[in-house]
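**Q** Model the placement of chain G on the given structure of chain Y, informed by the hints.
2 protein chains.
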Amino acid sequence: MSQTQGKAVVMLSGGMDSATCLAIAVAEGCETHALSFNYQQRHQAELSAAAELATQLGAASHQTLNLDLGDLGGSALTDRRIAVPESPGEGIPVTYVPARNTVFLSLALALAEVLDAERIYAGVNAIDYSGYPDCRPEYLAAFQAMANLATKRGVEGRPIEIRAPLLRLSKAEIVRRGSELGVDFSRTVSCYQADAAGHACGRCDACRLRRQGFADAGVPDPTHYFAQ
Amino acid sequence: MSQTQGKAVVMLSGGMDSATCLAIAVAEGCETHALSFNYQQRHQAELSAAAELATQLGAASHQTLNLDLGDLGGSALTDRRIAVPESPGEGIPVTYVPARNTVFLSLALALAEVLDAERIYAGVNAIDYSGYPDCRPEYLAAFQAMANLATKRGVEGRPIEIRAPLLRLSKAEIVRRGSELGVDFSRTVSCYQADAAGHACGRCDACRLRRQGFADAGVPDPTHYFAQ
Chain Y
1 MSQTQGKAVV
11 MLSGGMDSAT
21 CLAIAVAEGC
31 ETHALSFNYQ
41 QRHQAELSAA
51 AELATQLGAA
61 SHQTLNLDLG
71 DLGGSALTDR
81 RIAVPESPGE
91 GIPVTYVPAR
101 NTVFLSLALA
111 LAEVLDAERI
121 YAGVNAIDYS
131 GYPDCRPEYL
141 AAFQAMANLA
151 TKRGVEGRPI
161 EIRAPLLRLS
171 KAEIVRRGSE
181 LGVDFSRTVS
191 CYQADAAGHA
201 CGRCDACRLR
211 RQGFADAGVP
221 DPTHYFAQ
Chain G
1 MSQTQGKAVV
11 MLSGGMDSAT
21 CLAIAVAEGC
31 ETHALSFNYQ
41 QRHQAELSAA
51 AELATQLGAA
61 SHQTLNLDLG
71 DLGGSALTDR
81 RIAVPESPGE
91 GIPVTYVPAR
101 NTVFLSLALA
111 LAEVLDAERI
121 YAGVNAIDYS
131 GYPDCRPEYL
141 AAFQAMANLA
151 TKRGVEGRPI
161 EIRAPLLRLS
171 KAEIVRRGSE
181 LGVDFSRTVS
191 CYQADAAGHA
201 CGRCDACRLR
211 RQGFADAGVP
221 DPTHYFAQ
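Note that the protein sequences, when read in sequence, are chains Y and G. Mapping to the working numbering: the first sequence position 103 is 103, numbers consecutive. Mapping to the working numbering: the second sequence position 86 is 86, numbers consecutive.
A couple of the hints might just be wrong.
Which chain G residues stay away from chain Y? Per the calculated CB distances, all over 10 Å, these [as the list claims (entries may be wrong)]:
| no. | residue |
| --- | --- |
| 1 | H62 |
| 2 | E138 |
| 3 | T151 |
| 4 | A217 |
| 5 | F226 |
Sample of chain G residues facing chain Y (criterion: CB under 7 Å; computed from the structure) [as the list claims (entries may be wrong)]:
| no. | residue |
| --- | --- |
| 6 | N66 |
| 7 | V114 |
| 8 | L149 |
Calculated from the structure, these hints are not laboratory results. All residues carry an ideal CB built from backbone N, CA and C; glycine is no exception.
Pulled out of the complex, with its shape left as it was, chain Y reads as follows (with noise of 0.2 Å):
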């Protein structure tokens, strides 16, 4: 462990990303403060994993903020009118939120400028990113300069820096750092419709791509699947 390196911000869903992003936090040195989001999702068992996750990974606190998305509608993942799909179609897909990580990353802003945090991680991915046009490096860049005129900090000169360590890996790579740096993705949920034990159906996409990630990193798929 380094010395520190101030506070950040960790975005923690309790999937693997942003696990292993809370893992680079720490091991970075930062005194993290991981927040997660009950936006009325299909299933909570993510938001448990994301609990024990941070407590196993050494953070600082960890809160989870609540807030009406599913009120919005529009997507499959807080919509249940809308079936989640178990193969990829063209384009971006049903399972989208709208402008989820815009809405996620500006509360983060706002608890990094409360705590006057330097850092807030987002374990964002573009290369499996499922087409989201929020998971794209152009766009998290666009953010940052947002963010540099919308705070405190960054009227100060001290802009609150928004890190991606996880934007250009692939989920191979992801699953390799993680298990270097001892998560346990057990733990973590990826699944867009895991149960209430944050079980995985092994079929819609964010189950393939996690599934693949770990073939491809020669570790073995610890995951607890409920359809196999």
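**A** Relative to the frame of chain Y, chain G by itself:
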């Protein structure tokens, strides 16, 4: 009333600026969808005012999103342990809610995506802005650039336009414009510490700016004060 200009999301706090902004969006021929936020602000009177104003001014819909900004702390407007000041100080005031406009604009962006709306109207004002960094024109331009990359519509070359028609108006000009458009200012709540009925203290920064606006516009001030 002109022909419809498509759908618009209008951020509606219940204050005089956002009410005038809604009236402008309606006058510009938009099908307006008003969006308010229950973010654990000190008083709920402005939310009642928002609901009433949405109906009075002809919004097609109105919804209030709940989010726990108060849990983040850090502002006199959401943290009761921090007193609301009664005279302007130096720099960014304690009434600044960290990243508030960024969070609210992001949620408006999410709703705009769901509704396939063409515009977002925000009653942001750079003149009487009390030193908030996220009320400046350069901030809004940066948010627009980010939004263009964040959204499905942006990717498809039909970006959602952020409009801030009050940006460069003085409070007096806002009073005049709102009066012309039939805004009932007696129903708008600006005070940082309004009581349950929406009556104003007459002493905080927001009251001071509002009162001066009516005086400068030569329009009788219809505000109900509890402390005159």
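**Q** Can you list which hints this structure breaks, lowest number first?
**A** Hints 2 and 3 not satisfied by this model.
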